[in-house]
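Q: Going line by line, the protein sequences match chains W and U.
Those letters in the first sequence? Residues 16 to 93, by the working numbering.
Those letters in the second sequence? Residues 325 to 1011, by the working numbering.
To be clear, the hints were calculated from the coordinates, so they are not data collected in a lab.
All C-beta atoms, glycine included, are put in the ideal place defined by N, C-alpha and C.
Treat the hints with caution; some may be incorrect.
Said to hold, decoys possible - Residues on chain U that point at chain W, a partial pick, calculated with CB under 8 Å:
id: 1; residue: Gly346
id: 2; residue: Tyr384
id: 3; residue: Leu508
id: 4; residue: Cys526
id: 5; residue: Thr532
id: 6; residue: Thr547
id: 7; residue: Lys548
id: 8; residue: Gly551
id: 9; residue: Ile562
Stated by the list, open to error - The calculated lysine to aspartate or glutamate pairs, modelled on DMTMM-like cross-linking and capped at a C-alpha distance of 20 Å, are:
id: 10; chain 1: U; residue 1: Lys839; chain 2: U; residue 2: Glu934
id: 11; chain 1: U; residue 1: Lys733; chain 2: U; residue 2: Glu976
id: 12; chain 1: U; residue 1: Lys733; chain 2: U; residue 2: Glu457
id: 13; chain 1: U; residue 1: Lys945; chain 2: U; residue 2: Glu934
id: 14; chain 1: U; residue 1: Lys568; chain 2: W; residue 2: Asp38
id: 15; chain 1: U; residue 1: Lys733; chain 2: W; residue 2: Asp38
id: 16; chain 1: U; residue 1: Lys950; chain 2: U; residue 2: Asp768
id: 17; chain 1: U; residue 1: Lys568; chain 2: W; residue 2: Asp33
id: 18; chain 1: U; residue 1: Lys548; chain 2: W; residue 2: Asp38
id: 19; chain 1: U; residue 1: Lys950; chain 2: U; residue 2: Glu934
id: 20; chain 1: U; residue 1: Lys568; chain 2: U; residue 2: Glu457
id: 21; chain 1: U; residue 1: Lys369; chain 2: U; residue 2: Glu457
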Amino acid sequence: MSLTAASLELGRSGVVDDVEGTDATAVRLLEMGLVPGTTVTLIKRAPLGDPLQFRVRGFHLSLRRAEAARVVVTEAKP
Amino acid sequence: MRVAVVGNPNVGKTSLFNGLTGARHSVGNYPGMTVEQREGALASKWGGAEMSFIDLPGTYSLSAVSEDEAVAFRCLRGQDVAAPDVVLLVLDATNLARNLYFALQVLELQQPTVVALNMVDAARNAGIAVDGEALSKALGVPVVETVARVGEGLSALVEALRTPGSTDAIAYEAEGAGALAEGLAALESAGCARVQARWLLCTAAAETLHFTGVDPTAQAALTKLGGEVCRDAARALIAARYAKVDALLAKLDLGKATESAPAMAASERVDAVLTHPVFGLFTFVATMALVFVAMFSWADPFMGLIEDGIGALSEAVVDGLGPGLLTDLLTEGVIAGVGNVLVFIPQIVLLFLFLGLLDDSGYLARAAFLLDRSMSRLGLHGRAFIPLLSGYACSIPAIMGTRTISSWKDRLVTMLMIPYISCSARLPIYALIIGALFVTTPEDAWISPAIDRGLILLSMYALSTITALGVGFLYKRTILASPTPPLVLELPPYRVPRLANTLSVVGDKTLAFIKGSGTVILAFTIVLWAALSFPREDTGAGGDGPTRIEASYGGRAAKALEPAVEPIGQDWRVGIGILGSFAAREVLVSTLGLAYGMEADEEDPVKLREAMRSDRDEAGKPVHTKLSGLALMVFFVYACQCMSTVAVVKRETKGWRWPLFMLASMTLLAYVAALLVYQGGSLLGFG
């Protein structure tokens, strides 16, 4: 199983490889800057464990686990 | 000269619009869409009417993934109405790494464009070396540095808008190869311009072509290309745009802003508390409690003032004209109707003031972040929470507040849920019935009279809450089925909200309510007044004759329909009350009073309670019992006895279909529930 933004450890970063699926959400994620080569960092989980908060391209983006799991990443070296 | 203001959400677009325009705005809907847009003329200090501004919804993209974005693109391209003369593109200087993506989409349109590089102060404070001149060179359009919140740079911006110049075409290297080249070629040979072709490819990949109003030739070309090509083409295009953004950032010497978020450093420290598992939830509950208390009690004195004013006006008319038909029409129809509209304003203003301030400060996004988990179980977005909560005070502002929900179906589900939530207008009814029929003597009490009454009241609130959630759950899975909306939510930097800014928006929305729903509410009031006042024969009321209301068309109808309310344990007097209280639920109390032959101005609840309690039928049995009282309360928990709710839903949904569905379904449910309570209770021997 490949690593996704949802499976990052808190504080860890990954480099986007791909956004899976074809639908409005996929296009939205790409247009928010999650294009291949972009670094994403998981900085927080909401009190109930979901959604997640990421730092990407100079801003903070919140995604549910379900959406974050579509963002395939390669773990960046800490 | 018409200027369209566009930009990402949270970039200060509204501050800029408010700063550039005078105090007067008009709020309208984009033709055929639910998307709202504000328009205003240039403030007179810069020349006034020569320039007008359209504030388009803030979006992250121009691809038609949502209705807002479709509207922004179609407006800029002039597809439905004339294209604007100039595009004012607002960019957030603290976050060019994402804002420039949108900027490229706007520049692709090749309309005369002026950039407002906003929040340069915040950027510099965060150590980001933004430079308007360098950005202007890089983008090839005029750039004006602004701090819209304090009005800095606005004069220079107006000057720049007068002489915008032209915008160069943008081409991407990636457009020469692969799926993207194939897709563009196919659409261009179907007659699309390059920008239109790019737009359609991205929209096709998002499967949201229904927002685009695409013509059949282009549609055929897209179908022929197939989903795979559209998907790959859109991905290549988005990646190419971001590659260009990165190149621009490098040129501007802003570094690779993808790794850190310097402008978010302070916000991260605030978030350590405000989205903390314990303190965050605590703050959230406290904030909501404040909103709730404000809507419930702060609005009260103002509503009282409005009611007093209306009363004084009525008296003045009576004094001036003397008694007569015209006086009655004016006081009980027209002035009462105007009062029925105005009385909502305090709560509308308070809710939108809070929503506006919370949104401006960045907290609303955090509230959605905290609440999303529980709301998504229901299938709704975290943003649905505040409108639902506001429903406990009043449905009218709550329904207007659903505009923060972006998915249309989810907004409708929320609008249909809200009227089930027990609003403050139901309280006088519960109070009347509980006071008249329950715990009338201390020996009657189960624990103590006060606690018993409180528990009955609480159970009505519980019933309404459970039903609202159940109805939402049901609609979301049946007639308004749609997947739980994805959460792709920016958590913007915290900012101190500007009261003047929010007030301007609140004022516009309140005026829009008066204009949009006021006429319907006024018309309903006059029709109801007529139904309960005609024919105007002298009935001999006061003696043994029937009361005036009993002899009216409405009263006769209620008497004729008594067999319909009998199964739910009510008599014709309550029938008249139900009819009259369609104006507003609390009117039940005064209408019942009239039906019991009390004068309109002696609204003495104690007397009415006594009259209800001691009312006997021909066989000498009490007309109103605990069981019939319970059935009536349950009826009012469910029934849509509020013409203003119907009027406001009509306005928000642009038609009669949904308000009529709401009215019919709620009334049916109310009747069935009251029937079950009364008949079930009778069978079990509680009668």
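Q: Given the proposed pairing of lysine 568/U with glutamate 457/U, does the C-alpha separation stay at or below 20 Å?
A: 19 Å, holds
Q: Are lysine 568/U and aspartate 38/W close enough, with their CA atoms no more than 20 Å apart?
A: 24 Å, violated
Q: Can the restraint linking lysine 733/U and glutamate 976/U be considered satisfied, given a maximum Cα separation of 20 Å?
A: Status holds; Cα separation ~13 Å.
Q: Does tyrosine 384/U pass the interface hint, meaning its C-beta sits closer than 8 Å to a C-beta of chain W?
A: 6 Å, holds
Q: Tell me if the straight-line CA distance from lysine 548/U to aspartate 38/W falls inside 20 Å.
A: Satisfied, since the Cα-Cα distance of roughly 18 Å is no more than 20 Å.
Q: Straight-line Cα separation of lysine 945/U and glutamate 934/U no greater than 20 Å?
A: 15 Å, holds
Q: Does leucine 508/U pass the interface check with chain W, least Cβ-Cβ distance below 8 Å?
A: Leucine 508/U check fails; min Cβ-Cβ to chain W is 17 Å, beyond 8 Å.
Q: If you take the shortest Cβ to Cβ gap from threonine 532/U to chain W, is it below 8 Å?
A: 5 Å, holds
Q: Against the 20 Å threshold, does the CA-CA distance of lysine 839/U and glutamate 934/U hold or violate the hint?
A: 42 Å, violated
Q: Straight-line Cα separation of lysine 369/U and glutamate 457/U no greater than 20 Å?
A: Violated. Lysine 369/U to glutamate 457/U sits at ~27 Å, over the 20 Å cutoff.
Q: Grab the minimum C-beta distance from glycine 551/U to chain W and call the hint holds if it beats 8 Å, violated otherwise.
A: 6 Å, holds
Q: Does the nearest C-beta of chain W fall within a distance shorter than 8 Å of the C-beta of threonine 547/U?
A: 15 Å, violated
Hints 1, 3, 6, 7, 10, 12, 14 and 21 from the list above are not met by this structure, while the remaining hints are.
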